[in-house]
Amino acid sequence: MSPYVRRHLSLRDPTSRMLFASLAVLLAAGPWLPSWALSLSTIALGKGLVVLGLLLLMRTGLVSFGQGLYYCIGAYAAGVLAHQVKVTDGLVMLGAAALASGLIAFVLGALLAGYRAIFFAMLSLAFSMILYGLLVKSSALGSTDGFNVDARTLAGLPYSGGASYALFAVATMAAFISGWGLHGYNHSLAGRIAPAIRDNELRVEYLGSSVRAVVHLNYVLAAVMSGIGGAIVALAVGHVDPEFAFWTTSGEFVFVAILAGTGSVAAPFLGSILFEAIRSFATQYSPNTWQMVLGVAMLAVIMFLPSGLWSLFQRRSERG
Amino acid sequence: MSSVAPVLIDGVIYSSWLFIIAVGLTLIYGVMRILNLAHGSLYALGAYAAASLVGLWFARGYAPLGSYAALAVSGVLVGITVGPLIERGLLRWLYGKDEIVLVLVTYALFLILEDLIKLVWGVESYVISEPYGLLGSFTLAGVTYPVYNGVLVMVAVLVAVLLTWVLARTRSGKLLVAVIHDRETAAALGINVSRVYLVTFTAGTTLAAIGGALTAPTVSVLPGMGVEVIVLAFAVVVIGGLGSLPGAALGALIVGLVRSASVHWAPQFELFAIYGVMALVLLVRPKGLFAGIEARKI
Numbered sequence: 001m002s003p004y005v006r007r008h009l010s011l012r013d014p015t016s017r018m019l020f021a022s023l024a025v026l027l028a029a030g031p032w033l034p035s036w037a038l039s040l041s042t043i044a045l046g047k048g049l050v051v052l053g054l055l056l057l058m059r060t061g062l063v064s065f066g067q068g069l070y071y072c073i074g075a076y077a078a079g080v081l082a083h084q085v086k087v088t089d090g091l092v093m094l095g096a097a098a099l100a101s102g103l104i105a106f107v108l109g110a111l112l113a114g115y116r117a118i119f120f121a122m123l124s125l126a127f128s129m130i131l132y133g134l135l136v137k138s139s140a141l142g143s144t145d146g147f148n149v150d151a152r153t154l155a156g157l158p159y160s161g162g163a164s165y166a167l168f169a170v171a172t173m174a175a176f177i178s179g180w181g182l183h184g185y186n187h188s189l190a191g192r193i194a195p196a197i198r199d200n201e202l203r204v205e206y207l208g209s210s211v212r213a214v215v216h217l218n219y220v221l222a223a224v225m226s227g228i229g230g231a232i233v234a235l236a237v238g239h240v241d242p243e244f245a246f247w248t249t250s251g252e253f254v255f256v257a258i259l260a261g262t263g264s265v266a267a268p269f270l271g272s273i274l275f276e277a278i279r280s281f282a283t284q285y286s287p288n289t290w291q292m293v294l295g296v297a298m299l300a301v302i303m304f305l306p307s308g309l310w311s312l313f314q315r316r317s318e319r320g
Numbered sequence: 001m002s003s004v005a006p007v008l009i010d011g012v013i014y015s016s017w018l019f020i021i022a023v024g025l026t027l028i029y030g031v032m033r034i035l036n037l038a039h040g041s042l043y044a045l046g047a048y049a050a051a052s053l054v055g056l057w058f059a060r061g062y063a064p065l066g067s068y069a070a071l072a073v074s075g076v077l078v079g080i081t082v083g084p085l086i087e088r089g090l091l092r093w094l095y096g097k098d099e100i101v102l103v104l105v106t107y108a109l110f111l112i113l114e115d116l117i118k119l120v121w122g123v124e125s126y127v128i129s130e131p132y133g134l135l136g137s138f139t140l141a142g143v144t145y146p147v148y149n150g151v152l153v154m155v156a157v158l159v160a161v162l163l164t165w166v167l168a169r170t171r172s173g174k175l176l177v178a179v180i181h182d183r184e185t186a187a188a189l190g191i192n193v194s195r196v197y198l199v200t201f202t203a204g205t206t207l208a209a210i211g212g213a214l215t216a217p218t219v220s221v222l223p224g225m226g227v228e229v230i231v232l233a234f235a236v237v238v239i240g241g242l243g244s245l246p247g248a249a250l251g252a253l254i255v256g257l258v259r260s261a262s263v264h265w266a267p268q269f270e271l272f273a274i275y276g277v278m279a280l281v282l283l284v285r286p287k288g289l290f291a292g293i294e295a296r297k298i
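Residue numbers (our numbering), protein chains in the order written: chain A, 1 to 320; chain B, 1 to 298.
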């Protein structure tokens with residue numbers, strides 16, 4: 001690890017300080033939160049992980065409309081482990097989700113790394129819809145109803161399922177490790193090539209770096225994060241179904257990514273918590289208009305705050 | 001394995017339906033470089049408007065055959081009112097932006113329209129099945145089909161012929177083709193690109209609404225009917241090549257036949273087959289089957 005990366009991972013870096021502080025606050029506040037808040041936060045953190053992966057891809061100049069594919073793979077990996085293989089430890093499920101997503105992303109990424117812009121978006125959407133189509137027609141996996149997921153233990157400790165401090169803590173740790181790791185990665189060589197690819201791919205090739213390799217790597221990393229996020233949500237909700245892979249789910253992740261902006265690794269989690277909170281309250285009070293509210297909010301962000309909500313926290317000189 | 005004829009006929013009927021919806025999408029992308037995710041919502045709007053108008057028509061006790069005119073009129077009305085509204089009211093301010101940003105804008109529009117439909121028409125389903133059975137049925141290759149499906153095929157062929165004629169023989173059509181090829185040069189030559197955008201978007205949304213209106217008698221009109229349609233329309237447009245009219249026709253035919261074949265012979269692969277073909281075409285010919293050679297601008 002280069003000293004440059006180590007510096008950005010240490011407490012001398014303001015983002016790392018913020019991440020450590022958030023981890024401490026969340027872990028300390030957890031036991032005092034009511035169970036609805038624990039459930040909401042766990043799901044928000046899981047989905048925030050998926051959006052973190054999207055952030056990495058957007059930094060590379062690619063918008064994926066198919067992150068639902070790995071979100072679903074992660075969720076179903078956890079579910080299948082619980083159901084068919086009778087594994088009961090939640091952490092093992094998270095590991096399996098990461099492995100499954102990573103392997104499939106390695107294969108698909110080799111194909112997708114050659115596509116850009118709208119074609120990347122559409123091909124990723126096509127792959128996620130293929131999984132949706134396969135799951136809907138597979139009665140062994142519960143078809144459109146899906147099936148329940150329960151874990152009996154979490155890293156050896158007993159776990160009663162659903163919203164509990166144990167899963168919240170695991171989700172917070174996963175989010176922290178991914179965010180902190182990504183922050184360091186962004187300052188490494190491969191991480192700094194990503195925005196260069198976004199700006200001018202040709203020049204990156206002239207300078208001697210492999211654009212395809214970096215895009216492939218970022219794609220796999222984003223997929224692994226999405227898979228882990230999917231497994232966390234599967235455990236928190238206790239149920240998986242093919243909707244995890246439908247294009248509107250991927251669209252939601254893109255929405256949160258745009259809402260939050262790409263300014264910091266903490267932005268996806270902030271955006272995700274905001275989104276989940278607004279959605280819970282909106283569906284409760286006006287179930288037939290919350291999509292419209294989302295749409296208007298998205299338009300407002302695109303037109304007036306193109307760098308997302310996080311740009312409100314950045315100094316004027318830093319805004320991209 | 002049952003005979004091939006029902007598969008072919010079902011495939012052609014489904015392709016016609018797909019073509020009417022997808023051709024608007026491909027036109028809009030070809031001219032404006034906007035992948036319109038709200039296309040499905042406009043299809044739904046057309047269906048709901050048709051449901052209301054035809055329901056009103058039969059409630060007033062007018063001649064049943066006139067309900068077909070009501071279907072056509074409802075589709076056209078939705079298209080020519082909502083299309084310019086969206087284009088002038090929203091899209092006009094966002095043309096300079098990146099393609100992906102425009103996709104997100106149309107996604108936001110899709111969310112807004114879905115809820116707007118629920119606000120205006122409520123969440124119960126509407127059923128207007130009278131026009132479907134009115135014309136009777138006919139038998140082809142041993143299977144009975146409603147004449148309505150034959151009407152659908154004829155409408156699709158009419159739309160294809162009309163659009164081809166407009167694009168190739170009329171002055172406005174040739175201007176449109178010029179804008180598809182190179183917007184900047186067309187503007188430099190004095191073509192009113194802004195007006196071309198308005199006309200194209202209106203035409204595209206009208207076609208989507210007509211598709212919805214024609215579908216309304218065959219299904220129960222529900223909220224969310226646009227969501228599945230949009231991915232199918234995408235598959236068609238991507239297979240054929242974005243912006244290409246013959247591409248949309250070929251894409252519709254391919255998707256229609258593939259779906260029909262899988263429904264008849266391997267039902268468990270139905271959804272997988274359509275998206276699998278889409279992914280396959282994207283892998284082999286990323287710009288679609290009929291996409292022309294594009295010069296790269298550095």
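Be careful, since some hints might not be right.
Across the chosen pairs, the derived CB separations fall in these ranges [claimed, not checked]:
hint, chain 1, residue 1, chain 2, residue 2, range
1, B, A291, A, N200, 20 to 28 Å
2, B, R92, A, H239, 43 to 51 Å
3, A, G181, B, S129, 53 to 61 Å
4, B, W93, A, E243, 17 to 25 Å
5, A, L103, B, R195, 32 to 40 Å
6, B, R169, A, H239, 54 to 62 Å
7, B, S3, A, S210, 48 to 56 Å
8, B, H264, A, G181, 48 to 56 Å
Lysine to any residue pairs mimicking SDA-like chemistry, simulated, CA-CA at most 20 Å apart [claimed, not checked]:
hint, chain 1, residue 1, chain 2, residue 2
9, B, K287, A, G114
10, B, K118, A, G238
11, B, K97, A, L309
12, B, K97, A, G238
13, B, K118, A, S286
14, A, K86, A, G238
15, B, K118, A, T248
To be clear, the hints were calculated from the coordinates, so they are not data collected in a lab. Glycine included, each C-beta is placed from N, C-alpha and C at the ideal position.
When you take the CB atoms of B/R92 and A/H239, is the distance between them in 43 to 51 Å? holds (44 Å)
Decide if the proposed pair is consistent with the structure: B/K97 and A/L309, CA atoms, cutoff 20 Å inclusive. holds (19 Å)
Indicate whether the distance between the beta carbons of A/L103 and B/R195 respects the range 32 to 40 Å. Given about 52 Å between the Cβ atoms, the range is violated.
Given the range 54 to 62 Å, decide if the beta-carbon distance of B/R169 to A/H239 lies inside it. Distance hint for B/R169, A/H239 holds at roughly 58 Å.
Given the hint of 17 to 25 Å, check if B/W93 and A/E243 actually sit that far apart at their C-beta atoms. At roughly 34 Å between Cβ atoms, A/E243 and B/W93 fall outside 17 to 25 Å, so the hint is violated.
For the pair B/S3 and A/S210, does the Cβ-Cβ distance stay inside 48 to 56 Å? holds (53 Å)
For A/K86 and A/G238, compute the direct alpha-carbon distance and say whether it is at most 20 Å. At roughly 15 Å apart (the allowed maximum being 20 Å), A/G238 and A/K86 satisfy the hint.
Going straight from one Cα to the other, do B/K97 and A/G238 come out at no more than 20 Å? violated (41 Å)
May I ask you to test the hint 48 to 56 Å on the CB atoms belonging to B/H264 and A/G181? The hinted range 48 to 56 Å holds for B/H264 and A/G181, with Cβ atoms some 50 Å apart.
Hint consistency between B/K118 and A/S286 [alpha-carbon to alpha-carbon, up to 20 Å]: holds (12 Å)
Look at the Cβ atoms of A/G181 and B/S129 and judge whether their distance stays inside 53 to 61 Å. holds (58 Å)
Taking 20 to 28 Å as the hint, is the beta-carbon distance of B/A291 and A/N200 inside that range? This hint holds: roughly 24 Å between Cβ atoms.
In terms of the numbered hints stated before, the structure departs from hints 4, 5, 10 and 12, listed from lowest to highest.
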